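Novice: Each chain is listed here by its residues.
Number of protein chains: 4
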Amino acid sequence: MKDSAVLLIDCPDQRGLVARVSSLLYAHGANILHADQHQDHNLGLFFMRVEWGLADGSPSSPHAFDLEAFKTAFAPLAASLGMNWQLTVGTRRPRMALFCSQYLHCMADLLHRWRTGELSCEIPVIVSNHRDVEKLAAFYDVPFEHVPVTAATRAEAEARQVELLERHGVDFVVLARYMQILSPEFVRRSPNSIINVHHSFLPAFTGAKPYHAAHARGVKLIGATSHYVTEILDDGPIIEQDVARISHRDQVEDLVERGRDLERIVLSRAVRWHLDRRILCYGNKTVVFD
Amino acid sequence: MKDSAVLLIDCPDQRGLVARVSSLLYAHGANILHADQHQDHNLGLFFMRVEWGLADGSPSSPHAFDLEAFKTAFAPLAASLGMNWQLTVGTRRPRMALFCSQYLHCMADLLHRWRTGELSCEIPVIVSNHRDVEKLAAFYDVPFEHVPVTAATRAEAEARQVELLERHGVDFVVLARYMQILSPEFVRRSPNSIINVHHSFLPAFTGAKPYHAAHARGVKLIGATSHYVTEILDDGPIIEQDVARISHRDQVEDLVERGRDLERIVLSRAVRWHLDRRILCYGNKTVVFD
Amino acid sequence: MKDSAVLLIDCPDQRGLVARVSSLLYAHGANILHADQHQDHNLGLFFMRVEWGLADGSPSSPHAFDLEAFKTAFAPLAASLGMNWQLTVGTRRPRMALFCSQYLHCMADLLHRWRTGELSCEIPVIVSNHRDVEKLAAFYDVPFEHVPVTAATRAEAEARQVELLERHGVDFVVLARYMQILSPEFVRRSPNSIINVHHSFLPAFTGAKPYHAAHARGVKLIGATSHYVTEILDDGPIIEQDVARISHRDQVEDLVERGRDLERIVLSRAVRWHLDRRILCYGNKTVVFD
Amino acid sequence: MKDSAVLLIDCPDQRGLVARVSSLLYAHGANILHADQHQDHNLGLFFMRVEWGLADGSPSSPHAFDLEAFKTAFAPLAASLGMNWQLTVGTRRPRMALFCSQYLHCMADLLHRWRTGELSCEIPVIVSNHRDVEKLAAFYDVPFEHVPVTAATRAEAEARQVELLERHGVDFVVLARYMQILSPEFVRRSPNSIINVHHSFLPAFTGAKPYHAAHARGVKLIGATSHYVTEILDDGPIIEQDVARISHRDQVEDLVERGRDLERIVLSRAVRWHLDRRILCYGNKTVVFD
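Chains as they are written, first to last, in the working numbering: chain A, 236 to 525; chain B, 236 to 525; chain C, 236 to 525; chain D, 236 to 525.
Hints listed in this document are in silico derivations from the structure and should not be mistaken for laboratory results. These numbers were taken from a predicted model, which means no experiment stands behind them. Note that CB positions come from ideal geometry on N, CA and C, so glycine has one too. Worth double-checking, as some hints may not be accurate.
[Stated by the list, open to error] For lysine-lysine, the following DSBU-like pairs were computed, each having C-alpha atoms within a straight-line distance of at most 30 Å:
no.	chain 1	residue 1	chain 2	residue 2
1	B	Lys370	C	Lys306
2	C	Lys306	C	Lys520
3	A	Lys520	B	Lys237
[To be verified] Facing chain C, according to a computed beta carbon distance under 8 Å, are these residues of chain A, among others:
no.	residue
4	His269
5	His273
6	Gly453
7	Glu475
8	Gln476
9	Lys520
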């Protein structure tokens, strides 16, 4: 979405919403690249994602798309229809902070995807309560900050983390197997802006040691889940899940190993979809536009 | 889609298509239930599926949706934009003919889904070159026609089949493991109106005995494919595919058994999506709207 | 396993178990068709499944395998090694009772598989608290017994069910979406002999209305689980699980429909594996031999 | 398998094979950790993998397992039964060479898995016809060799590669998206010792640009395949395959991106199973022991 704009809308459903939004875009000469809508008929809600080009003009509007003019026209329409909306311009790369502890498979995976252009963002800082990631951060030329956390220093550590996020102008945080629980205050700072990966098929096996719990229960599939963090542990809106088949032959350590592939995949998809502005949260659920 | 209308459109892409279609629907008071678009940027094509309610009116148009008025207004717009379009009304149930030979798992599955309301259509006739299906057809109260086929009588048998399709006002044909090859003339009668299931992950293992071929090649997954029939064997637009994991322990008969579950699923999905008017064919491919 | 015998063993692990069992079989001229072992190193347990032909002799033992002679020799060995063991002869077809309520998709699926030879067993009786299945039972020539259940008559109904199971010499019961909870007494009658399908990915969403719960939680995959019934609801040893991807577009009724395919598959696999004597229970888990 | 030995056997099937091998191991005091057999009844072949501990003794043989004594006793037995066999000791780490071109996702993935202990081997050298991998190799402290290949210098380049493999004592080669075709002579050097990943669900879409071919055909799933290299392109024994669902929305570049996750997974599994000595080749197929 480098040279494009994305408009995300949610509002009470009513007739004519698509017509009114698409007509306004057409009137401003937008070249729509993707458009998708969803209605939740039970809740009476309407969701829309529309993406259009910014660089190329049209016969009737030969220059680049005039975003300011569109916003000026759209704001009163949105207000009259009770819309929540976010307009994002692809030319500005979001700033993502990565948090991890000692397991580095998700971190290594995200950094490689970022280096090869799969993730279109800036990574101004990597934060960890351990030093294991330091060399990897250096290899990818990302500043590393060591913020140890103990029961006694938790509040202080979080204050330091917040200061780092603010200093680096961070837009969202990805917990790439960060094993510390964040305080409600930290989570409340920026709703739907912290992405976590949990190594189970939520809502099964919340909390610590989910692979041990899965092994004890004798399940035949293990899973992993990426979700936005809320104040309740492992309970936030689910972004993506995947599973892998296991058998009685697999011990806990085999589950851990198989699970790493799942964790990498569900977390990297969540990050990519977040960057592509494909995700809308409502209630405790997500709409993920294709 | 019982009380709804579905409009399927494909045309050269240009700006304003969504705006113009949705504005026209809005002007006629449509209550849009689902709308989805797709652009193929390489081919410069636009695809749209929009579904709206027929029974319920609106404040500005309190009675049932006036379909004729909409068609009268839409036709010239569509012509001016070079649109191919199909407008289907859910109140008319399509008429599906089922063909089979001796393997009855897909047939039994489709009939059960139909009986329980999962497939919203009429089944005026079941045709087979064998008599194995006769009792099953009777159980579901579907007329059965035995049309034997030999090399010598192929043309005659097809003439009889065509006569049956016409007499029963059949809209589309589902080949539920029908093991005879249809002539090009038969296929040309009604493009994209014959759905087949092939027991491999196409384009691998076209032709006869695909499970034997899969076993001989030593693949680790087997598949099944539902597709529209074209004049070239196993080459038509793919509607759905699925796979299952196998191992070195599985002999050909195991693949046949595992494969039956895949065949049932990919064929029943194809039939349902066809009935829901979710499928648009272009070139030799399909758009399957969610 | 028509003309074969299957020996299932579990015992404390120690050296030489495979050697001693396989040597004894070899000494009796067995033609081993499949053999599989598993050790749970944490629990120090050994599991073995071995299947051999009964009809064909060998140069040293040209007649059919002498099962009685083998049993006479094996029993003291097994006792000395602390083995639990079950020896099953494929020539005797197990007797399966099917229970259902009003949803018939699993029932129709199992009966079709049975008719086509996929499930090698007798079905002496179908039991239901409703009459919906009656015609289907008649089509497959299986005796149907209507046993209504109300809160007031639960004990009486179970007594009737037990009487039916005994009269028909039933070996195991399959709950094909039977919506009544069985009493602990009923379950204790025959451990690991009642197979249930639960329409969720256990241990997530135990209890009633799991698809509603899955929809409310916003999961991205739904599942189904087949398991042996124990006295604790939805808690018995898991035999098989599978999942299907869903999206925000899917309403509860879509989950129900997608889920039916999962339920059919996980339940039919469980029944087949149970019939093939592939399943060993230990603790609250299963070993399912390939 | 660090402190264990693995014996892989294939031979004509006959009675008593398991008994004779397991009895001999028992007589030498082996503590069997895993044992698995497979019979191909059509071909009359028997396959066995057995793994046992080397460090721990037993009451009757209190010291470490005497491998040489076992080999001395086993060799004549194996000869008399027509066995092909390989005995591998886990204490010696195999030496793997990695080849790549410009796409580094598989390389980065394998190196990370190796660093974290998931792959138990030495990597004495990374070879590429490009320099893109050089920094990554340096980060993981693996010697890098740049061997450019042109049509004119192919033979010379291969001679250089062979020299590198010999100098570094390489046991097997992994082609981590190495985009050059190897000569029959190179392949013949060491049968079943070159592992490749092909970015399609073989046998569909052999040769160049499989994602383009998959997009053109309109498949609904894409795949990746790891296999041993033979003299015929993309035709060797398949080790592992996996697939991912795509839709009409996915362009070729989306397939490429989705496919990278598949490639990483099927290649890393193949390497791990090869290292664990789980794979036996016969004809053009593999047995992959669980």
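Novice: Looking back at the hints listed earlier, which ones does the structure fail to meet?
Specialist: Numbers 1, 4, in rising order.
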